[in-house]
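Chemist: Here are the chains, one letter per residue:
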Amino acid sequence: MSTVNGKAEEPVGGTSGRRAPTVADFTTGQEVRWCPGCGDHAILSTMRGLLPALGVAPENTVVVSGIGCSSRLPYYLDTYGIHSIHGRAPSFATGISINRPDLSVWVVTGDGDALAIGGNHLIHALRRNVNLKILLLNNHIYGLTKGQASPTSKVGTIGPSSPFGSLDNPFNPIALALGAGATFVARTIDSDRRHLTATLTAAAAHKGAALVEIRQGCPTFSAIPRQPSRAAGQESPAEPDNPAAPEHGPIRLSPGLPIVFGAKEQWGVVRDPSTGELGIGHGGDSRVVVHDPGTQNSTYAYGLARLAETSLAEPPIGVYRSVSQPSFDELYQERLATARPDGRGDLRSLLTGSDSWVVAG
Amino acid sequence: MPTEQLSERSEGARRLENVVIRFAGDSGDGMQLTGDRFGAQAAAIGNDVATLPNYPAEIRAPAGTVAGVSSYQLHIADHDIRTPGDQPDVLIAMNPAALKANVAELRPGGVIILDTDSFTVLGLEKAGYDIDPLTDGSLDAFQVHAINLTGFAAAAVADHNLKRKDAARTKNMFALGLVSWMFSQQIEDTIAYLQKRFASKPDVQAANVSALRAGWIYGETTEAFANVYEVKPAPLPAGTYRHMKGNKAVAYGLVAAAHQAAMPLFLGAYPITPASEILHELAALASNDVRSFQAEDEIAAIGAAIGGSYAGMLGVTVTSGPGMALKAEALGLAVIMELPLVIVNVQRGGPSTGLPTKTEQSDLLQALYGRHGEAPMPVIAVRSAADGFDAAMEAARIALAYRTPVILLSDAYIANGSEPWRVPEVEELPFIGIDLATEPNGVDADGNPIFLPYARDPVTLARPLAIPGTPGLTHRIGGLEKADLTGAVSYDPDNHDLMIRTRQSKIDGIDVPPLEVDDPSGPPGSGADVLVIGWGSTWGPIGEACRQVRAEGMKVAQAHLRHIVPLPANLASVLSEYHTVLVPEMNLGQLAGHLRRETLIDTVGYNQTRGMPFRTAELASVITRVIQGIDEDASGAAGTKPVGDVGARLAAMSEAGAAKPAARASTATANQHDVTREAGR
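Chains as they are written, first to last, in the numbering used here: chain A, 5 to 365; chain B, 694 to 1374.
Each hint should be verified, as a subset may be incorrect.
[Stated by the list, open to error] On the chain A side, residues computed to face chain B include the following (Cβ under 10 angstroms): (1) Ala61; (2) Val68; (3) Pro78; (4) Tyr84; (5) Gly85; (6) Ile127; (7) Gly349; (8) Arg352; (9) Val363.
[Claimed, not checked] Pulled from the structure, derived: some chain B residues nowhere near chain A, Cβ distances all over 12 angstroms: (10) Tyr748; (11) Gly830; (12) Leu855; (13) Gly961; (14) Gly1043; (15) Leu1058; (16) His1189; (17) Gly1218.
[What the hints assert, rightly or not] Label-pair restraints from in silico Cβ distances: (18) B:Leu1058 / A:Ala364: 45 to 51 angstroms; (19) B:Asp1128 / A:Arg23: 27 to 33 angstroms; (20) A:Ser195 / B:Leu1058: 25 to 31 angstroms; (21) A:Gly185 / B:Glu798: 48 to 54 angstroms; (22) B:His1189 / A:Gly53: 34 to 40 angstroms; (23) A:Leu335 / B:Thr914: 53 to 59 angstroms; (24) B:Ala977 / A:Ser195: 48 to 54 angstroms.
Calculated from the structure, these hints are not laboratory results.
Model, not experiment: these values are computed from the prediction.
Cβ coordinates follow ideal geometry from the N, Cα and C atoms, glycine included.
Pulled out of the complex, with its shape left as it was, chain A reads as follows (with noise of 0.2 angstroms):
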């Protein structure tokens, strides 16, 4: 294997010359324990769909997680994969992506995986913009131990250890990620297969760290109400007049597009232009603001992040921020091909140094 030196310089690795792989090329015979109705399974099957699409063979991708419900996930996809400890798998991949240029290395995680126990490990992959696919399964609870509240419950989450409910602020996933500098920051949802595929697909195509909540409910636990799936053009009929209502269900973010939602794209995101503080007023207004994941300054996107807590019911989904920077992987095995321009130093002069001595025999 030469891309054990890291000598190989082609990007991630192809099946160029080969058969095109298939959903079934990435399909293990393990029986995928999830429970019935779980998003994960629809997950799942969108990430079987998904990587045959994105040309890379099964051997070139490694998928990493952590511990809980979403972490089994790698045990299902026919590729290379650990499943590690709880919290830790951002540390894994950073240490296979690093090394291993020409591997596509996925991190798939959960709310109390990635945010809880290993919060500190999500934050320094995201800030070195180490090139990792991370997958946060957010289904607001922690289901594999059984309903604890999770740090992204709602306070007052009741759960067996918090049966007068919880009193803790839960994370903005998609703040935490922006305010750690991370370059690609995504928000999709589980009952949405073309949404989810689209935004993974966005995900894969960036050089460097990209994570993407995956917003979930439990059907076991509960924690938050599914969501609804708004089809185009369904009228909202309880609540027409109010932009908190559920019925008009997430906004779309779409790069180029003004920021509309409501049946009748009533509804709009006004930027205050006296302070620049985003708002919700109507579709027609000549503020509305016209997407731009692009923008180099995450004020923008952390105040998109930030509204669904005040004006809406739920969040806006859809790529929030996309901004190119050269990725840790790049800048790391740069630093390597400077250093040894002519291959591998000696070891001889290095254990003989400039200050030795010869002793005679």
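Starting from the known structure of chain A, arrange chain B on it as the hints suggest.
Modeler: Chain B in isolation, oriented as in the chain A frame:
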């Protein structure tokens, strides 16, 4: 011992067999650099050298106080030595605090060179001196050379446009020049060193060189210094030698191991005293295909290293005790995933933050047992600074051959100490590479070829490693129990039992060399009655102590453990050949307990945890008492006697009724009626 005590009147260079010199000053006075350079100069002459740096945990404790004193002790000799010496013959004290902190350990009649510049009212007050020790007669037992080192240094560098404070900072180089002259050392290597080190600061470079030369010339011209001493080269086996520090030796051993395995070295590390230097060394070696990564914490450091191993690197992480505690869960993962990994623990005083810059051997039990579940791991110990190279290569060999994480134990004494190291020829280093899996190694129920990541080599029980990028061998590994052969997740009770026993058998079966005994009086059973066995950095003091005891006409055997897991196969039979096995350790008996567990042989412990290595004289005295205790016992004259200060103190307390006899006291006591030992006679 010196051929001749340092004396006042002399003509020409007087030959010494050995001498112990201690440079002491404020943390900011550059004593570590000074000592390091003096050691390098001595090594270049061909002396055998052993060093003991000793510095406070604070980067800058309050200047001028005893708490802020940093020192560097060197033992240089014309013969083979193993320790930095018990008592300095020469003390260089850069301020009153350095004098106060060190003078009690100076040999009576020894030489003190002190910098009078800081012996002011304020300087004396900071050091806690009520009366100036230069005037109260308290130094009468020593040969005192009171010299204004700072003043002379500042004068010597007056032409170099330095600020007054910076000019004064060259006093360490003035002192080094002076002591170099005193011991007939050449300073050219140090001048070259200074030119390289301060290449980007021409003024500082020139000033330091000037101060160094001025110190040497001062020695040559001054009337106060009638004596020049000389330590001749030590007879060493032919070869190329280098003055080697423990941390650097470990770093080089890891680089050589990766080279000899034809794999890139990948280090994931988080800064921690006293291990950071290995990270620093390796970070600078990108040109040797060393990849280093400073992680966000200790857990991420080992996580990245494991990831690197999975991806085909030789994965390494380096840390100290607190970091080991954090890495414990990931160690278990490496055990169950059966990936090669080297974990270096440079031990320091614990528990918790403990004594971060001082040495201790108190992480042995952590290394042996500090994981949940049945998680056996090989444990290897470094015995001296230069030995770090071989020990690191051995750790990597085992890690690769057996696909297992390996703990390499060093300690702060080894890490910072230095000694001559014979540079090995690259050709004489063993090849330790492994074959990665490239083809399926089994068939499924339908006869299709498949990869079985947990099929095993019948001899080593090592599993095949297939790294990402290898077509047809995709597989998942992780922390859940593996099914035998396939590595699939398995909750089957019998399989779990099988896998636990298999992982244990793999470690138990690691090929380690037999324990060797050093006893000039004869092989086990026909030589000495007392065997002293140790592990890690006590090798030097134990060895020197045994030499002293033998020089006094007594018999004693020495053995030292490099491999602690698994233990050498002949260990129990060797131990059982001796009437008494003495185990000196810088902990409360961790190896002794392990030996008892593994061999059912009781040993006599000698234990201290003072953050400093054992003194030779102290160990020699303990060994002597153990030998004499046996003789007395044989004549029926004496019963059991506690050994060592702690044992004696506990026994005294017990006799006085002041305290309950602690369990530890009995460990420190030779159990004369141990059945196993009697059976072994």
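Chemist: Please go over all the hints and tell whether each is borne out by the structure.
Modeler: Outcome of the hint check:
no. : hint                                     : verdict
1   : Ala61                                    : 7 angstroms, holds
2   : Val68                                    : 8 angstroms, holds
3   : Pro78                                    : 5 angstroms, holds
4   : Tyr84                                    : 4 angstroms, holds
5   : Gly85                                    : 4 angstroms, holds
6   : Ile127                                   : 8 angstroms, holds
7   : Gly349                                   : 4 angstroms, holds
8   : Arg352                                   : 5 angstroms, holds
9   : Val363                                   : 5 angstroms, holds
10  : Tyr748                                   : 23 angstroms, holds
11  : Gly830                                   : 44 angstroms, holds
12  : Leu855                                   : 27 angstroms, holds
13  : Gly961                                   : 6 angstroms, violated
14  : Gly1043                                  : 24 angstroms, holds
15  : Leu1058                                  : 23 angstroms, holds
16  : His1189                                  : 17 angstroms, holds
17  : Gly1218                                  : 36 angstroms, holds
18  : B:Leu1058 / A:Ala364: 45 to 51 angstroms : 46 angstroms, holds
19  : B:Asp1128 / A:Arg23: 27 to 33 angstroms  : 28 angstroms, holds
20  : A:Ser195 / B:Leu1058: 25 to 31 angstroms : 52 angstroms, violated
21  : A:Gly185 / B:Glu798: 48 to 54 angstroms  : 53 angstroms, holds
22  : B:His1189 / A:Gly53: 34 to 40 angstroms  : 35 angstroms, holds
23  : A:Leu335 / B:Thr914: 53 to 59 angstroms  : 56 angstroms, holds
24  : B:Ala977 / A:Ser195: 48 to 54 angstroms  : 52 angstroms, holds
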